[in-house]
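Trainee: Quick note, the sequence shown lines up with residues -17 to -1, 1 to 893 if you use mature numbering (1 follows the signal peptide of the UniProt record, and there is no 0).
Read the hints as simulated data drawn from the structure, not as lab findings. Glycine included, each C-beta is placed from N, C-alpha and C at the ideal position. Errors might be hidden in some of the hints.
Label-pair distances were calculated between CB atoms; the ranges are [stated by the list, open to error]:
#, residue 1, residue 2, range
1, Arg164, Val51, 43 to 51 Å
2, Tyr372, Asn877, 53 to 61 Å
3, Gly404, Gly54, 50 to 58 Å
In silico EDC-like pairs for lysine to aspartate or glutamate, Cα to Cα no more than 16 Å straight-line [stated by the list, open to error]:
#, residue 1, residue 2
4, Lys878, Asp848
5, Lys202, Glu220
6, Lys229, Asp266
7, Lys719, Glu775
8, Lys260, Asp173
9, Lys884, Glu855
10, Lys655, Asp674
11, Lys295, Asp320
12, Lys61, Glu113
13, Lys72, Asp674
14, Lys680, Asp697
15, Lys813, Glu466
16, Lys612, Glu670
17, Lys861, Glu466
18, Lys225, Asp241
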Amino acid sequence: MAEAVLLALTKIASVLANETAKKMLAKLSEKVNNLRDLNDKIELIRMQLATMNNVIRKIGTVYLTDDVVRGWIGEVRKVAYHVEDVMDKYTYHTVQMEEEWFLKKYFIKASHYVLVFTQIAEEVIKIEKEIKKVIELKELWFQPSQLVADQLIEMERQRSHDNFPLLIKDEDLVGIEDNRRMLMGWLYSDELDSTVITVSGMGGLGKTTLVTNVYEREKINFSATAWMVVSQTYTIEALLRKLLMKVGGEQQVPPNIDKLDVYDLKEKLKQKLKTRKCLIVLDDVWDQEVYLQMSDAFQNLQSSRIIITTRKNHVAALAHPTRRLDIQPLGNAQAFDLFCRRTFYNEKDHACPSDLVEVATSIVDRCQGLPLAIVSIASLLSSRAQTYYIWNQIYKRLRSELSNNDHVRAVLNLSYHDLSGDLRNCFLYCSLFPEDYPIPRESLVRLWVAEGFALSKENNTAEEVAEGNLMELIHRNMLVVMENDEQGRVSTCTMHDIVRDLALSVAKEERFGTANNYRAMILMDRDKDVRRLSSYGWKDSTSVVVRLPRLRTLVSLGTISSSPNMLLSILSESSYLTVLELQDSEITEVPASIGNLFNLRYIGLRRTKVRSLPDSVEKLLNLQTLDIKQTKIEKLPRGISKVKKLRHLVADRYADEKQSQFRYFIGMQAPKDLSNLVELQTLETVEASKDLAEQLKKLMQLRTLWIDNISAADCANIFASLSNMPLLSNLLLSAKDENEPLCFEALKPRSTGLHRLIIRGQWAKGTLQCPLFRGHGRHLKYLALSWCHLSEDPLEMLAPQLPNLTNLRLNNMRSASTLVLPPGSFPHLKLLVLMHMPNVKKLVIGKGALRCIEGLYIVSLAELDKVPQGMESLRTLKKLSLVNLHRGFLTEWNKSGMHDKMQHVLDIRV
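Can you build the whole structure from these sequences, using the hints too?
Mentor: Right, dumping it as C-alpha cells:
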C-alpha cells in the first residue's frame, strides 16, 4: 500500500508548481517512505497472532476455566483488534489520497495526511510492543502441560460426564420414561441385522444419562457389550483396540494387540462378534467418520445394536429416521419435579416448602428445561438454608452461578471449543441479542458478513458462507430453530438461555463484546477497549453519554431514547464503527456526522421514527446493508448511488391502513443512477419509473426485488428485465392501484431459483393462465395473490401447475363462487390463507388434497355459510382460523360436530 501512496505523490508533485506545496509533499513522502515496510510488518504481526491462536486451540478445555489463561486469551484478542483498527485506518486513508489526487484537491489536505501517517507509524510501533508482551506472558504464565490437549481429553470428558452420579438410579430419573420406552423397543425390535440408533441433542440434556440407564438395565440380555466414550481426537486404531478388549475380556485379548493394524483389529472383532448378540454404545461422537471407519467390523452381526450419542445432527443422520431420538428439554412439571428430587432428596416425597414454591419456580424456569442446569443449581441449594431470602439472593445471581459452574462449563465448553475461529465468532455474536430474542436469519447473515466473519469462497457469496455457518451451529445444537420458511430454511432462531449465559461470559473474558442493561451502561465509559456493545432492557428519557474509541459494533434494540446525546457521542468518538443496529429505537433523526464513519458496513434503523437520512451517507463507501424498513423515510439521499458496495437496500414502509383493507408495503422513489449499485442483492421496495427497466438490466446480482406502483404501460419492459436476472429468488410486483391491469405474458423467469412470488394487481386477461405458471410453476414454493378479479376458480387452476407449493395466500380478490381443491392437489402445501374473497360461497377439499397442511386460515369470506367439505380429512392440521364468515356459518359448524372431529388441531378459532 505504501507503494500506491508514493505513486500518487509523484503524480501530484508533477502537476503542482507551488513551492510550498512541493515542500509539504516532500515531507509527506518522507513519512510514507518510513511506512514502506508497513505491509511486511503487519504480515509478520498476523503470522504471530495466528501462532497464538493455534496455541489457544491447543489448550485443554479443563484449563479454560483458569483465570490466567482466559486473561491471556483476552490479551491476544485485544492485540488482534488493534491490528485490525490500524489496517482499516491505513487502507481508508490511502484510498482517500488517491481520490484526492484524482480530484486535484490534494494540496488542501496534505498536512492532514502527514499527521495521519505519522500516527499510523506510531501505532505500528505500539503493536509490536504489545505482541512482544503477550508472547512473554505466555512463556511466563503457561505450563507445558496446558498446551497438550490430547493428554487431557479423557480428563475433560470425565469431568463433563460426572454430572449426574445421583441420577442413574431409576427412582431419581425424571422425564425420560417415554424416551427409555422407545429405546428399549428399538433394542428388541424384529430387525435381524445390526441396527444403528442415535440419541442427539445439545450438551446438558441428559443423553448419556438416558443411554446409561438403558444400557445398565439391558446389557444382561446381550452376550457382548461395550461402552466407549469417543474423544474429539480419537484414532481408529485406539478405538478398535479398546472395543476388542471390552468385548473379548482380559483373558481373551490377543497378546500382540498393540502391534495389530486396523485391518487385523477388524478381523479379530469379526471373529469375536460373529455369533454373538451385541450391544455397543459410542458416547459423545463428534464426527460421522468414527462409525463409518468401524462399521465394516459390525457387518453381518445378527440382532446387534449400536447406540450413538451426539450433539451434532449430521452424526445423528447415521441412523435411519425411524431410529433417531432427538432429546428435548424437560417440560415445566418434569423440570420442577427433577429440581425437587435433587434439592429435597432427604425430605419425604421431595416436597418443596410452600413459602419457597414461587422462588423455586422462578429458578427452574430460568433453567429452561436443561437437566444439567437444574441439577447443578439444585445441588447448590440443597446445602443452603431453606429461607426465601437466601434463595431469592441466589436467584438474582443465577446467571453468573450457572455460567461459572464447573460442571455446566465443562459440558458446554466442549461444544464451544470444537468450533473453528469463524464459527466461534458467529456463536458469540448471537449472545448480543436479548434473552429469548427471535433472531431473523437474513439480518444475522448480513451482520456476520459486515463483521467479516464470513467471506466469499470459490463460487459462494459471503452471505451463502454465512448461511452455512448458521446451519452448522444449528446442526451442532448450539442454536435453536424457532421458525422455518417456505423452503424449509431457518427463518428465525434463538439461543437457549444457559447457552447464551455461557456465550456472554466467554465474550466478556475474550474481549469479544458485552451486553449490558442501563446500570452497566452508565459505567461503560470506564472501559475504553469495548469492541462490541449490546444495550437492552431499559428505556430512559435521559441518554447516557459514552466514549468508546475502540467500538466496532453497537446493537441497541429498542433502547436508545429520542434524546440524541448517546448516539451523538458514539458517532463522534467511535470512528471505527462497523455495525450500527438501532432497530425499534425511539430516535427521530440520524446525525450528519455518520458520514465520517469510514468503516461503517451496516446501518439498521428498522421501525424507528427517522424521517430522513443525511446527505453525508454518500461518503460511506464501505456500506453493505441499509435497513430502513418501516421507518418514516420517503426518499433516499441523491448520493446513495455513490455507495457502490451496497448489497442490501431494504427501504419499504407501510401504506396508509385507512385506505386499504389489509397491511402491505409500498416503495420509495428509485435512487438516481440506481444502475451504479451493481453489487445489490436485495432491493425492497422501489417505485416503478419509466427508466427502471433499463436500470435493472445492470443489476444482475439481485436475489430479492420488490417493485411497487407498476403501471400497465411500463410492466412489459420491467418484466422483460426481470426475466433475465439469473439469481432472482424473491419477487414482489405491485400495480399502482387495485384497478390497474398488468400483463404477465412478458414475465418468463430465467432464474430457476425464483421460489417466492407476491403479486398485487389485476391480471390483464382476467385469468391466471400465463407463461409464468406454465413454465416456472414447479419452482415456486410461496405464492401470494391480491387484487385479482377472476371468473375462474384459482385453486383448481393453480393446483396442477404448482405441485411444490408450500405456502399459498389469496387475498382481496374476486373469483368463482365455488373453490375446489382437486383430489391429491397441493401435496406439499403447509399454509393456505383465503382472505377477503366476497364471491366465495362454497369450499370443497378433495380426497388426498392438502396432505401436509399445518395452517388453514379462512378470513372474511362473507358469503361462506357452509363448513368446507372434506375438512375432517386434514389430519396434519395444527392451526385453523375461521373468522368473519357468513353469520350462519357458526350454526352449521356446531351442527356438523366438526369441533369434535378435529380434536387433533392444536389451535381452533371459529
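Trainee: It remains to establish, for every hint, whether it holds in the given structure.
Mentor: Going through the hints against the structure:
1. Checked against the given bound of 43 to 51 Å, the beta carbons of Arg164 and Val51, roughly 48 Å apart, stay inside it.
2. Checked against the given bound of 53 to 61 Å, the beta carbons of Tyr372 and Asn877, roughly 54 Å apart, stay inside it.
3. Here the CB-CB span from Gly404 to Gly54 is close to 19 Å, at odds with the stated 50 to 58 Å.
4. Restraint check for Lys878 and Asp848: satisfied, since their Cα atoms lie roughly 12 Å apart, inside the 16 Å limit.
5. The suggested pairing of Lys202 with Glu220 is violated, with an alpha-carbon distance near 25 Å, which exceeds 16 Å.
6. The suggested pairing of Lys229 with Asp266 holds, with an alpha-carbon distance near 15 Å, which does not exceed 16 Å.
7. Among the hinted pairs, Lys719 with Glu775 is inconsistent with the structure: their alpha-carbon atoms are about 24 Å apart, more than 16 Å.
8. For the proposed pair Lys260 and Asp173, the alpha carbon gap of about 13 Å is at most 16 Å, so the pair holds.
9. Between Lys884 and Glu855 the CA atoms are separated by roughly 6 Å; this keeps the pair inside 16 Å, and the hint holds.
10. Taking the CA atoms of Lys655 and Asp674, the gap is about 10 Å. The hint holds against a cut of 16 Å.
11. For the proposed pair Lys295 and Asp320, the alpha carbon gap of about 28 Å is over 16 Å, so the pair is violated.
12. Distance hint between Lys61 and Glu113 is fulfilled; the C-alpha atoms sit about 9 Å from each other, no more than 16 Å.
13. With a C-alpha separation of about 39 Å, the suggested pair Lys72 and Asp674 falls outside the 16 Å cut-off, and the hint is violated.
14. Annotation: proposed proximity of Lys680 to Asp697 holds, straight-line Cα distance about 15 Å (limit 16 Å).
15. With a C-alpha separation of about 13 Å, the suggested pair Lys813 and Glu466 falls inside the 16 Å cut-off, and the hint holds.
16. At roughly 15 Å between alpha-carbon atoms, Lys612 and Glu670 fall within 16 Å of each other, so this suggested pair holds.
17. In summary, the hint linking Lys861 to Glu466 is supported, as the alpha carbons are separated by about 15 Å, within the 16 Å threshold.
18. Taken as a hint, the Lys225 and Asp241 pair is honoured in the structure, with Cα atoms around 11 Å apart against an allowance of 16 Å.
Hints 3, 5, 7, 11 and 13 from the earlier list are contradicted by this structure; the remaining hints agree with it.
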